[in-house]
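Residue numbers (my numbering), protein chains in the order written: chain D, 1 to 752; chain X, 1001 to 1207.
Note that these hints are calculated values from the structure, not bench results. Predicted model, so just to flag it, every value in this text is computed and none were measured. Just to be clear, a hint being listed does not mean it is correct.
Below, a list of computed lysine-lysine pairs in the DSSO-like style, where the Cα atoms sit at most 27 Å apart [stated by the list, open to error]:
(1) K378(D) x K1183(X)
(2) K1064(X) x K372(D)
(3) K317(D) x K378(D)
(4) K1018(X) x K304(D)
(5) K1129(X) x K1064(X)
(6) K303(D) x K1011(X)
(7) K394(D) x K161(D)
(8) K607(D) x K744(D)
(9) K394(D) x K1064(X)
(10) K223(D) x K471(D)
(11) K1064(X) x K378(D)
(12) K1186(X) x K1167(X)
(13) K1064(X) x K303(D)
(14) K396(D) x K1186(X)
(15) K1011(X) x K304(D)
(16) K607(D) x K525(D)
(17) K283(D) x K171(D)
(18) K372(D) x K1011(X)
(19) K394(D) x K1018(X)
(20) K1064(X) x K396(D)
(21) K300(D) x K1018(X)
(22) K303(D) x K1018(X)
(23) K1129(X) x K1183(X)
(24) K1183(X) x K372(D)
(25) K184(D) x K171(D)
Here are some, though not all, of the chain D residues that point toward chain X, as calculated from beta-carbon distances under 7 Å [stated by the list, open to error]:
(26) Q370
(27) E373
(28) T375
(29) K378
(30) V380
(31) L400
We put the beta carbon where it would ideally sit given N, CA and C, even for glycine.
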Amino acid sequence: MADMKIGAYICKGCGLGERLDCDELATIAKRDGKAQVVQQHDFLCSEDGVSMIRNDIDNEGVNRVVIAACSRRAKTDAFNFDGEVCVARANLREGVIWIRPDEDEFQETTQEMAADYVRMGCAEVKYQTPPHPAEERGCHEAILVVGGGVSGMTAALEAAKAGYPVHIVEKEAQLGGAVGQMWKDIPMHSPYTDPVEPVTRRLIEEVEANERITVHLSSRLTKTSGAPGRFSADISAESGSTTTENFGAIVMASGATPYDASKLPELGYGKSPDVVDRVEMEKLAIEADGGPIKRPSDGKEVKKVTFIQCAGQRSEKEGHLPYCSGDCCLTSIKQAMYFKDRNPDIETEVLFTDLRTPGAPGEDFYRSGQDKEVTFRKGVVSEVVAGSNGPVVKFKDLILDEDVEEEADLVVLATGMVPNSGVDIELAAGPNVEGEEEEAQTDSEGNAIEIPVESVLNLTYRQGKDLPHLKYGFNDSHFICFPYETRRTGIYASGPVRRPMDTPQAIEDATGAALKAIQALENAKLGRAAHPRSGDLSYPSFRKEGCTQCKRCTVECPFGAIDEDEERYPKFNEARCRRCGTCMGACPVRVISFENYSVDTVGQQIKNCDIPDEFDEKPRFLVLACENDAYPALDMAAMQGNSYSQWARVIPVRCLGSVNTIWITDALNSGYDGVVLMGCKKGDDYQCHFVKGSEMAHYRMSKIDDTLEQLNLEKERVETYEVAITDIERAPKLINDMAETIDKIGMSPFKF
Amino acid sequence: MSDYNQQMIEKYRGNFLKEVEANVEEGDWVKMCMQCGVCSGSCPLGPHWEHPPQEIFMMIRANKREDILSSSSMWMCTSCYNCIARCPRGLPITHIMHGLATYAKRLGLAPKEQPTAKFAQLFWDNLTKTGRVNELKLGLSLYFMNGFGEGIKTALKMKDVGLGMLKTKRMTPMEMLGGHKCKDVKGLQAMLKKAEELEEARIGKRG
Ligand code: SF4
Ligand code: SF4
Ligand code: SF4
Chain D
1 MADMKIGAYI CKGCGLGERL DCDELATIAK RDGKAQVVQQ HDFLCSEDGV
51 SMIRNDIDNE GVNRVVIAAC SRRAKTDAFN FDGEVCVARA NLREGVIWIR
101 PDEDEFQETT QEMAADYVRM GCAEVKYQTP PHPAEERGCH EAILVVGGGV
151 SGMTAALEAA KAGYPVHIVE KEAQLGGAVG QMWKDIPMHS PYTDPVEPVT
201 RRLIEEVEAN ERITVHLSSR LTKTSGAPGR FSADISAESG STTTENFGAI
251 VMASGATPYD ASKLPELGYG KSPDVVDRVE MEKLAIEADG GPIKRPSDGK
301 EVKKVTFIQC AGQRSEKEGH LPYCSGDCCL TSIKQAMYFK DRNPDIETEV
351 LFTDLRTPGA PGEDFYRSGQ DKEVTFRKGV VSEVVAGSNG PVVKFKDLIL
401 DEDVEEEADL VVLATGMVPN SGVDIELAAG PNVEGEEEEA QTDSEGNAIE
451 IPVESVLNLT YRQGKDLPHL KYGFNDSHFI CFPYETRRTG IYASGPVRRP
501 MDTPQAIEDA TGAALKAIQA LENAKLGRAA HPRSGDLSYP SFRKEGCTQC
551 KRCTVECPFG AIDEDEERYP KFNEARCRRC GTCMGACPVR VISFENYSVD
601 TVGQQIKNCD IPDEFDEKPR FLVLACENDA YPALDMAAMQ GNSYSQWARV
651 IPVRCLGSVN TIWITDALNS GYDGVVLMGC KKGDDYQCHF VKGSEMAHYR
701 MSKIDDTLEQ LNLEKERVET YEVAITDIER APKLINDMAE TIDKIGMSPF
751 KF
Chain X
1001 MSDYNQQMIE KYRGNFLKEV EANVEEGDWV KMCMQCGVCS GSCPLGPHWE
1051 HPPQEIFMMI RANKREDILS SSSMWMCTSC YNCIARCPRG LPITHIMHGL
1101 ATYAKRLGLA PKEQPTAKFA QLFWDNLTKT GRVNELKLGL SLYFMNGFGE
1151 GIKTALKMKD VGLGMLKTKR MTPMEMLGGH KCKDVKGLQA MLKKAEELEE
1201 ARIGKRG
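So that you can see chain D by itself, here it is in the shape it has in the complex (with noise of 0.2 Å):
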């Protein structure tokens, strides 16, 4: 760029004047970092400090900023440049002075540290440009929910009073969900002692009476596409009919279907016609409307009833489900006292192996059962055969450690809840994923259970129809840092279809898959990334002539952003895109780049720092750091005292997955001595802001092996390791292990 001015500013504030030679930093700047403008201020943060650059800004014509101060997560706001100018921050506070003792003897390879972290700030900010939003903007207000139950309808409702346009497209001929099914509810309020009608009621009434919301029953969607701020929607009904909608961004709250009871013949269901699941009894309950309740086979009323908890769940047996759907415990107490209510006398017994009440009703509905006799018993049922007078429970009970039968009138099987999360893209394309083979087979393997194998939500991406699914068929959302942020940006999980919930959860729920959901569609609207990132100008662009039409790019994006077009070239959908750069990492030829981050931003850096020759006896090795995670931790090392070596060069990575191997190999034949890669725990239980992005650059990793065959170089020399933020004292010991390794195979021979 013509224009480019570089203005690098040091700050001898915070020690920083006293611990280094901030002259021989500026005459750095100005030599190596080829900045046009340097200065230096005792305190950089403070109003003058920042005034002086934005001086320098105004009247002389720098553009290009370089921080030599704090860590990059510091004084964030008083360094705000942003979309004028392009910021660097040379970390030389947590990243030097502070991590380094404060002592004669390493002045010396303290200084070469921060005047390193110059040279790189320089470098960085000359291959960056201000970003620029994308130019597809979103024009679509309207809330689009998929599911019209308790979450479904809470979501509506929020939205609405937002002021946002709403519509519920639902499966059956009426609004209500699961809990639409019941007599009575769970208390969700003080006092938690006694069953309330349902919420739903109140909730159809609210959503018929809002002009805000448009209903479509017996509906589903046959095709979604578009992107956050206008996905395009077409809402087919039973009839035949269809309307194509508009909308900005989608909330799934398709909910859960009881789990098939007729799986569990040694309970004795489909046997005995007294042998309900827990819907049936709803059922029953709402026939008998606060009247005796009747058992099925002759009508008789109810004196006895069973039920037998977790049935045909929490189970590694084939069929069952290997989860607890988190809300039976409660339910089966509920309609034990469904009888207990109407008649004391009636006995009813609560067959346990573990009660689980979670939830703030839980421990008090809990105790209202008990106080009302109901009979909870720690027993393994065996099972459930047909007996003279009515079903015969056979089980152990564990406390008195006795095998026992029970005959019943009425046996209810606290069955679970299976989520209706649509096709598992990730099973369906097979080991399309190259990274994720494995994974996709283990999670077959834990899967016996049945998913539904109809599409919800029928998207046109490239990736497949719906949502990703994470474990057990329920959808991917998350939960960790952000909960209903799934995999499809735009598109927010709300309710059972992203973890086994109750209905106060699912409310809860539904009011902040509501939120995110406007905060989707108004980022659109303004071109910026949604989230994590939220309100990033930046996204990624693609160089068509060098593109060789790999797909990488397009497989690995964790988040479904990048289709195909009709000349088979990857199609970037900006609003659909986190920033997360995994796409830039995949990219066998680096045509992907960000305007402030891309394989030049951090390779240029890679390559300013300075390699001193073989007999100086001075390794460098590279730290490449996640900066949502490792980055912080570092940074928070620094801030308790800790130390690491004064060999190591850090820059972080917006996502692990961001690190092209160009940057490793581009390294290692520059001389540095080794490569530490620290990115989020991935897996299921997976704490990468971006999803797959760790797990994609674990897997690209673990093929560098070959790459470090090729150099003849050990391959103790690149490790990969997974950092929690909280890792404050292990990050910089991993930054050690590098330093010792090194020193025990001794340097790369490919210094100059």
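Based on these hints, arrange chain X with the ligands on the given structure of chain D.
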């Protein structure tokens, strides 16, 4: 006695929990036990019980009436209150143990040779005779509880303690002759008799 037992069996046919709730001190807490086992784990005597508290509560709910009432378990309780201090559900376990023991005795089901039960009876008899506990007599009756031979043996074993107590005037042999008593022994006994009548009327026991 067994009449009374029969009467109770008929009254609560098959619902021992109800029977406990109506007749045992703090019995209405039993249903609130959540079977965590903390009490059994906390009880210093737990390992020596046939049925530790948690199990007793489960047995009550499983209608194991005879097994519980004839058990020696609740007689083992030393009232240390460990369990009460720890029960997450706040059950007054110690009181329930004593309540169950009392009820078993009232029904005539308490184990005959249970030492705690026996001693409790000795203590009661001793106390109600004069309105004051006669320690010398109580001690001796305790020694001889299991027969003459054993009584002599125990007495000999304890003789140094006894002599020491005599020397320091903690005990006087004169107590053997009637011993000290409260002012109005007759009045006290009349009072106790009345109390017993009232109690029997309350529980509907017809001797
Ligand atoms: S990989 Fe990341 S940066 Fe690339 S298109 Fe997908 S979301 Fe955007
Ligand atoms: S500690 Fe309390 S709740 Fe737990 S088993 Fe004992 S009585 Fe029951
Ligand atoms: S009070 Fe009784 S039951 Fe409770 S811990 Fe002590 S001895 Fe055991």
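Checked hints:
1. In summary, the hint linking K378(D) to K1183(X) is not supported, as the alpha carbons are separated by about 56 Å, beyond the 27 Å threshold.
2. Annotation: proposed proximity of K1064(X) to K372(D) holds, straight-line Cα distance about 21 Å (limit 27 Å).
3. With a C-alpha separation of about 21 Å, the suggested pair K317(D) and K378(D) falls inside the 27 Å cut-off, and the hint holds.
4. About 16 Å separates the Cα atoms of K1018(X) and K304(D), which keeps this hinted pair within 27 Å; it holds.
5. For the proposed pair K1129(X) and K1064(X), the alpha carbon gap of about 37 Å is over 27 Å, so the pair is violated.
6. Distance restraint check for K303(D) and K1011(X): the Cα-Cα separation of roughly 19 Å lies within the 27 Å cut-off, and the hinted pair is therefore satisfied.
7. Only pairs whose Cα atoms come within 27 Å are accepted, and K394(D) paired with K161(D) is rejected, the gap being roughly 53 Å.
8. This hinted pair checks out: K607(D) and K744(D) have alpha carbons roughly 25 Å apart, not beyond 27 Å.
9. Annotation: proposed proximity of K394(D) to K1064(X) holds, straight-line Cα distance about 18 Å (limit 27 Å).
10. With a CA separation close to 25 Å, the supplied pair K223(D) and K471(D) stays within the 27 Å bound.
11. Proximity of K1064(X) to K378(D) is assessed by CA-CA distance (about 16 Å); at most 27 Å being required, the pair is judged to hold.
12. About 33 Å separates the Cα atoms of K1186(X) and K1167(X), which puts this hinted pair outside 27 Å; it is violated.
13. Simply put, K1064(X) and K303(D) have alpha-carbon atoms about 21 Å apart, close enough for the 27 Å limit, and the pair holds.
14. A distance of roughly 57 Å separates the Cα atoms of K396(D) and K1186(X); the hinted pair therefore is violated under the 27 Å criterion.
15. Restraint check for K1011(X) and K304(D): the C-alpha separation of about 20 Å stays at or below 27 Å, so the hint holds.
16. With a C-alpha separation of about 39 Å, the suggested pair K607(D) and K525(D) falls outside the 27 Å cut-off, and the hint is violated.
17. Among the hinted pairs, K283(D) with K171(D) is consistent with the structure: their alpha-carbon atoms are about 21 Å apart, no more than 27 Å.
18. Between K372(D) and K1011(X) the alpha-carbon distance is near 21 Å, which keeps this suggested pair within the 27 Å criterion.
19. For the hint pairing K394(D) with K1018(X), the CA-to-CA distance comes to about 25 Å; that is within 27 Å, so the pair holds.
20. Pair hint K1064(X) plus K396(D) holds up; C-alpha atoms about 16 Å apart against a cutoff of 27 Å.
21. Under the criterion of a C-alpha separation no larger than 27 Å, the hint pairing K300(D) with K1018(X) is consistent with the structure, at around 25 Å.
22. Simply put, K303(D) and K1018(X) have alpha-carbon atoms about 17 Å apart, close enough for the 27 Å limit, and the pair holds.
23. Our distance criterion of 27 Å between C-alpha atoms is met by K1129(X) and K1183(X), whose separation comes to about 12 Å.
24. Of the pairs offered as hints, the one joining K1183(X) and K372(D) is violated, with about 50 Å between alpha carbons and a cut-off of 27 Å exceeded.
25. Restraint check: the Cα-Cα separation between K184(D) and K171(D) comes to about 23 Å, which is no more than 27 Å; the hinted pair holds.
26. At a threshold of 7 Å, the smallest CB-CB gap from Q370(D) to chain X is about 5 Å, leaving the interface hint in force.
27. Residue-level restraint check for E373(D) holds (minimum Cβ-Cβ distance to chain X is 6 Å; threshold 7 Å).
28. For T375(D), the suggested interface contact is upheld, since its CB lies about 5 Å from the closest CB of chain X, less than 7 Å.
29. Restraint check, K378(D) versus chain X: the minimum CB separation of about 6 Å is within 7 Å; hint holds.
30. Among the interface hints, the one on V380(D) is violated; its C-beta lies about 14 Å from the nearest C-beta in chain X, farther than the 7 Å criterion.
31. Annotation: L400(D) was flagged as interfacial toward chain X, and the flag holds, the nearest CB pair being 6 Å apart, inside 7 Å.
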